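Chemist: Starting from the known structure of chain A, fit chain B onto it as the hints suggest.
Chains A and B are the protein sequences, given in the same order. All residue numbers for the first sequence refer to UniProt numbering, where the first residue is 1 and numbers rise by one. All residue numbers for the second sequence refer to UniProt numbering, where the first residue is 1 and numbers rise by one.
It is possible that part of the hints are untrue.
What the hints assert, rightly or not - Interface residues of chain A toward chain B, partial, derived using beta-carbon atoms under 8 Å: (1) E67; (2) L205; (3) L208; (4) Y216; (5) K235; (6) P237.
What the hints assert, rightly or not - As a list, the in silico EDC-like pairs of lysine to aspartate or glutamate whose alpha-carbon atoms are at most 16 Å apart: (7) A:K211 x B:E223; (8) A:K235 x B:E223; (9) A:K236 x A:D332; (10) A:K236 x B:E205; (11) A:K352 x B:E223; (12) B:K174 x A:E243; (13) A:K236 x B:E177; (14) B:K174 x A:E176; (15) B:K208 x B:E159; (16) B:K416 x B:D341; (17) B:K224 x A:D206; (18) A:K236 x B:D341; (19) B:K224 x A:E207.
What the hints assert, rightly or not - Which residues of chain B face chain A? A partial, calculated answer using Cβ under 7 Å: (20) E223; (21) P226; (22) V229; (23) S230.
Calculated from the structure, these hints are not laboratory results. Everything numeric in this text was worked out from a predicted model, so none of it was measured. Each residue gets a CB set at the ideal place from its N, CA and C atoms; glycine is no exception.
The chain contents come next:
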Amino acid sequence: MTAEDPTMRSFNADSQLLSDTDRNASMHTSSKLYKPLSSDMLFYYERLLPFKQIFRWLSHSPKATREFTMREFAYEFRSGAYQRYNSFASVDEFKKSVVAANPTRFEVGAVYAVNPKERKNLPKSAMKPLQKELVFDIDLTDYDEIRTCCLKTDICKKCWRFIQVAAEIITAALREDFGFEHFIWVFSGRRGAHCWVSDSRARLLDELARKSIVEYMDVLSGRMLKMGRTSLGIKKPYHPHIERSFDVLKDKFSEIILEEQNPWATSAGSDTNWDHVDTLLSFLPDQGLRQALKSKWQDQASYSSSKQKWDDLTSVGQKVLKHQSQAVQLTDAKKEIIIYYMYPRLDVEVSKQMIHLLKSPFCIHPGTGNVCVPFDPFRNLSSDMEDDAYGFNPVNAPNLSQLQTEIDTWDANSAYKAPSESSESEAISDYAKSSLKPYVDYFSTYVSSIIKDELTGSNKRAQDLMDF
Amino acid sequence: MFRQTKRRTAGRRNFEDVASYSSLATSAYPSRLSFYETPPLEEITLEEFELWAIDRLKILIEIESCLARSKSLKEIELVVKPLLLKYLPLSPTTSLGLDAKAIAERRKDYYSHYILRLVFCRTEELRKKLVKNETTLFKVRYNMLQPNEQREFVSLNSEKLSWQYISNEEKLEKADELYAASGASIRNVLSIDNAGDATFNLTAEQLKAHIRQKESFIKLPFEKVPHLVSLKQVYLSRGFAYIPSTLQVSLLSVVFSDLLHNALIKTFQAIPRLEEDDRLLPLLNNLSRNFANIQYDNFGDGNTSDINAVSIATPQILQHYPLCALYLQENLKLNSHLKYDGRQQLGLFLKGIGLNVDEALKFWSYEFTKSSKMNMDTFNKEYKYNIRHIYGLEGGRINYKPYDCATILLRKRPQKGEYHGCPYRDLSMDLVVSRLGDMGIKDQHDINGIIEDINKHDYTVACTRVFELRHKQQMDASKPENLHITHPNLYFDRSRQLERNETKAVASK
Numbered sequence: 001m002t003a004e005d006p007t008m009r010s011f012n013a014d015s016q017l018l019s020d021t022d023r024n025a026s027m028h029t030s031s032k033l034y035k036p037l038s039s040d041m042l043f044y045y046e047r048l049l050p051f052k053q054i055f056r057w058l059s060h061s062p063k064a065t066r067e068f069t070m071r072e073f074a075y076e077f078r079s080g081a082y083q084r085y086n087s088f089a090s091v092d093e094f095k096k097s098v099v100a101a102n103p104t105r106f107e108v109g110a111v112y113a114v115n116p117k118e119r120k121n122l123p124k125s126a127m128k129p130l131q132k133e134l135v136f137d138i139d140l141t142d143y144d145e146i147r148t149c150c151l152k153t154d155i156c157k158k159c160w161r162f163i164q165v166a167a168e169i170i171t172a173a174l175r176e177d178f179g180f181e182h183f184i185w186v187f188s189g190r191r192g193a194h195c196w197v198s199d200s201r202a203r204l205l206d207e208l209a210r211k212s213i214v215e216y217m218d219v220l221s222g223r224m225l226k227m228g229r230t231s232l233g234i235k236k237p238y239h240p241h242i243e244r245s246f247d248v249l250k251d252k253f254s255e256i257i258l259e260e261q262n263p264w265a266t267s268a269g270s271d272t273n274w275d276h277v278d279t280l281l282s283f284l285p286d287q288g289l290r291q292a293l294k295s296k297w298q299d300q301a302s303y304s305s306s307k308q309k310w311d312d313l314t315s316v317g318q319k320v321l322k323h324q325s326q327a328v329q330l331t332d333a334k335k336e337i338i339i340y341y342m343y344p345r346l347d348v349e350v351s352k353q354m355i356h357l358l359k360s361p362f363c364i365h366p367g368t369g370n371v372c373v374p375f376d377p378f379r380n381l382s383s384d385m386e387d388d389a390y391g392f393n394p395v396n397a398p399n400l401s402q403l404q405t406e407i408d409t410w411d412a413n414s415a416y417k418a419p420s421e422s423s424e425s426e427a428i429s430d431y432a433k434s435s436l437k438p439y440v441d442y443f444s445t446y447v448s449s450i451i452k453d454e455l456t457g458s459n460k461r462a463q464d465l466m467d468f
Numbered sequence: 001m002f003r004q005t006k007r008r009t010a011g012r013r014n015f016e017d018v019a020s021y022s023s024l025a026t027s028a029y030p031s032r033l034s035f036y037e038t039p040p041l042e043e044i045t046l047e048e049f050e051l052w053a054i055d056r057l058k059i060l061i062e063i064e065s066c067l068a069r070s071k072s073l074k075e076i077e078l079v080v081k082p083l084l085l086k087y088l089p090l091s092p093t094t095s096l097g098l099d100a101k102a103i104a105e106r107r108k109d110y111y112s113h114y115i116l117r118l119v120f121c122r123t124e125e126l127r128k129k130l131v132k133n134e135t136t137l138f139k140v141r142y143n144m145l146q147p148n149e150q151r152e153f154v155s156l157n158s159e160k161l162s163w164q165y166i167s168n169e170e171k172l173e174k175a176d177e178l179y180a181a182s183g184a185s186i187r188n189v190l191s192i193d194n195a196g197d198a199t200f201n202l203t204a205e206q207l208k209a210h211i212r213q214k215e216s217f218i219k220l221p222f223e224k225v226p227h228l229v230s231l232k233q234v235y236l237s238r239g240f241a242y243i244p245s246t247l248q249v250s251l252l253s254v255v256f257s258d259l260l261h262n263a264l265i266k267t268f269q270a271i272p273r274l275e276e277d278d279r280l281l282p283l284l285n286n287l288s289r290n291f292a293n294i295q296y297d298n299f300g301d302g303n304t305s306d307i308n309a310v311s312i313a314t315p316q317i318l319q320h321y322p323l324c325a326l327y328l329q330e331n332l333k334l335n336s337h338l339k340y341d342g343r344q345q346l347g348l349f350l351k352g353i354g355l356n357v358d359e360a361l362k363f364w365s366y367e368f369t370k371s372s373k374m375n376m377d378t379f380n381k382e383y384k385y386n387i388r389h390i391y392g393l394e395g396g397r398i399n400y401k402p403y404d405c406a407t408i409l410l411r412k413r414p415q416k417g418e419y420h421g422c423p424y425r426d427l428s429m430d431l432v433v434s435r436l437g438d439m440g441i442k443d444q445h446d447i448n449g450i451i452e453d454i455n456k457h458d459y460t461v462a463c464t465r466v467f468e469l470r471h472k473q474q475m476d477a478s479k480p481e482n483l484h485i486t487h488p489n490l491y492f493d494r495s496r497q498l499e500r501n502e503t504k505a506v507a508s509k
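Only chain A is shown next, with the shape it has when bound in the complex (with noise of 0.2 Å):
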């Protein structure tokens, strides 16, 4: 693609007035906001991205098998255009014809009892889905109604807390309730995350048993109002599930919603955040309480934060409340209200459908640049420490431009340096001489253990066969 190209020149002018448009109108993640032309992506595809990692993570083994080559991938365009039913034999011909084809990015489907690629000559009821990943999607749009930090495409550190959360309290439902191991949580590219569970015993859930862990988890849809009073509905004594999810929340409950968010705080004069103080109010299961809470705070001359006002429940709450069993309504709704502000909210439908299509790890998310790469919520990879509270930053993520500069830094150097070791130089893969490596590094072993995992778990099923 040269620069002559007219057609080019005119998207190039195209790109950089949306990217104008949307850095004024986010400002927090303006510093990496940029949209890869087509020539960067192609870059990408033919240098950068793991396309034997993928393989391997899809195939569940070092070799082709079935559940690679009968996996349906579809690309998406820049033109909107969208191409479903992709299948490849091998990992070259995958490479290759995201090469050719190079999309804005590609997605991974359900592994089919038929290959996707010859659906045409096939009846439509031979396209039966076998095996898929279970996955979960959280965007922090979803979060709008709590963040005070951000809203829509927006994200920040800040936010990221709450996926951080997020991922925390499904990891251990997956682990501990419903016994996977091997999963992992993928950076959406903006601002969400994905989870791909690949546990054969996952991969082959049908729908309803996809939809009732996806309820299982959901907690926060039962909310109602009920005679002007907000209620998640959470049946007493809790489920085991949501008492331990509650264990976790609540210890962050302070810093992150207190402290970070502050949705509450509200200074004299000012309208900013009674909206919130609103939600918080009506929570509440006493009108007099309700009343005493917001006439006290409405009065307040200065400014008064988040934190004051959750102390003030209970303050208030002893002054108001007569009985006993008000009381306890009041700890439980105050219950209620850490789990409204801090459970995790999904984007059920993606876990639901077993052909639904979801981007692909490591994948460039086409509006912002950034790399889709595998992440440990628990573990900070980047080396850069100041990430460490967060377990992943995504201001910091890998981004395109930032890893072709990576590159031509590393190729200059090298080339300056000794020509003489250049045989050795050649050996190293192009993504490991940029900051994408950990990822590629962690996502590795996490795939290597799933092989390992499945040599042995089909070793065993072929021995059931036998005993059978």
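Modeler: Coordinates of chain B only, in the frame set by chain A:
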């Protein structure tokens, strides 16, 4: 099971074993309840074949009709128990083992079940009905078992169930979690069992004690109980769901219906081998027709049809409409439009009464374009496909059947500006009463009866009552058997049938 010539059975292992099999009759029927897994191999007479099947069918038909009226399992038990004693009694195993009578009873139960599998394996719809009704029968019977028989039945089938009873230590160790997850369901079951006792009330402490001392738990893979997982009514640990024994009947019934459904498909695949048998086939066909009486699906015969785009708007035809169809067509006329669900329900109904696709297009296009809000072009672009689709001429080319009442009641309720659904359920009581008046039902006593049915959510009963009131004279004259209306088209066809009988009677006079 079928009397076959020696030549056909010779050399087939199954049949050679028959002798030894029948001598083991006692061990063949170890429990009163069964998953019916081994096919019966003994010879029976053709009379037995027919009689036993009919006896079982009588029970299933009763269950079907209860389910159509959405009765609870408790109510169904009340209705079915006397029938079971009459047609399919099952005596328990006594301390002396099985006597001849008990063996004969179990044999009849076993054979009749297998005969009905043959009868109802042919279409997906029939298979679903049989699975539903047999599963309900299974539940009713499980609840009739003594507790020790229930435990025995579970242990007899332990392999298939992938159930594991957990040890008492494990239970005590997890008692708090089990209480938190399943306490409410256990309380529910216990209070239903003690429904007669008004003073029955369980404190949280008593419930915990009950779990520690009495309740036993099984664990099984969570995929087997998606419903309980969804509702968070079950404790999960490491991929296992922990279920209290009080909820086991619903689990068993899931296993039962899965097994039966798969077996029916296998039976269907095997049935061509039976086609040459000229004694059994007529019997089977006859039996499945019996069932069709309660499952209405023989729609308009087409050739004799006086149904066309013009006639369906005349009072002569409209008087045979059930309220749901009448309500739809009136609103179509009024608004010159119907939304999707309404078009589906009315379109399929009209197809069912014999309106062919050309006449249907004529009818719908006239109604949609008559008010000049829409021109023919728009109709052809946006709605013609839909009408042709209903007739299986577009898209998947499926020959859709008119909705029965159960389907209508299951589909989503009408929103503002929609007129599908069941008017007895979806209209306000005032509107229903005024509608009844329009149909000539004005007697307060009659109206009260209908309102009572509606309040009990027995919408098909209400509709049946309306039918009977509107056809009182004709029915007094021809004395047809009582029939429950479970299908709008059944209402229409029966109504026309009665009218025809009347004209015939007049003519012959």
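Chemist: Are the hints correct? Go through all of them and say.
Modeler: Against the structure, the hints come out as follows:
Taking 8 Å as the C-beta contact cut-off toward chain B, the hint placing E67 of chain A at the interface is violated, the least distance being around 20 Å. For L205 of chain A, the suggested interface contact is upheld, since its CB lies about 6 Å from the closest CB of chain B, less than 8 Å. At about 5 Å, the closest approach between the beta carbon of L208 of chain A and any beta carbon in chain B falls short of 8 Å, and the interface hint on this residue holds. Checking Y216 of chain A against chain B by beta carbon gives a least distance of about 5 Å; that is within 8 Å, so the hint holds.
The restraint placing K235 of chain A at the interface with chain B holds, with a minimum CB-CB distance near 7 Å, inside the 8 Å limit. With its C-beta approaching chain B no nearer than about 4 Å, P237 of chain A sits inside the 8 Å limit, and its interface hint holds. This hinted pair checks out: K211 of chain A and E223 of chain B have alpha carbons roughly 11 Å apart, not beyond 16 Å. Restraint check for K235 of chain A and E223 of chain B: not satisfied, since their Cα atoms lie roughly 23 Å apart, outside the 16 Å limit.
For the hint linking K236 of chain A to D332 of chain A, the alpha-carbon distance of about 9 Å falls within 16 Å, and the restraint holds. Only pairs whose Cα atoms come within 16 Å are accepted, and K236 of chain A paired with E205 of chain B is accepted, the gap being roughly 14 Å. About 14 Å separates the Cα atoms of K352 of chain A and E223 of chain B, which keeps this hinted pair within 16 Å; it holds. Between K174 of chain B and E243 of chain A the CA atoms are separated by roughly 14 Å; this keeps the pair inside 16 Å, and the hint holds.
Between K236 of chain A and E177 of chain B, the direct Cα distance comes to roughly 12 Å. Compliance with the 16 Å bound is thereby established for this hinted pair. For the hint pairing K174 of chain B with E176 of chain A, the CA-to-CA distance comes to about 14 Å; that is within 16 Å, so the pair holds. A threshold of 16 Å between alpha carbons decides the hint, and for K208 of chain B with E159 of chain B the separation of about 30 Å lies outside it, so the pair is violated. The suggested pairing of K416 of chain B with D341 of chain B holds, with an alpha-carbon distance near 12 Å, which does not exceed 16 Å.
A C-alpha spacing of about 11 Å is found between K224 of chain B and D206 of chain A, which places the hinted pair at or below 16 Å, so the restraint holds. At roughly 40 Å between alpha-carbon atoms, K236 of chain A and D341 of chain B are farther apart than 16 Å, so this suggested pair is violated. A threshold of 16 Å between alpha carbons decides the hint, and for K224 of chain B with E207 of chain A the separation of about 13 Å falls inside it, so the pair holds. Below 7 Å, beta-carbon pairs count as interface contacts, and E223 of chain B has one with chain A at about 5 Å; its hint therefore holds.
Look at P226 of chain B: its Cβ gets to within about 4 Å of chain A, closer than 7 Å, so that hint holds up. Because the closest C-beta pair between V229 of chain B and chain A is about 4 Å apart, less than 7 Å, the hint holds. Because the closest C-beta pair between S230 of chain B and chain A is about 4 Å apart, less than 7 Å, the hint holds.
In summary, the structure is inconsistent with hints 1, 8, 15 and 18 from the numbered list given earlier, while agreeing with the others.
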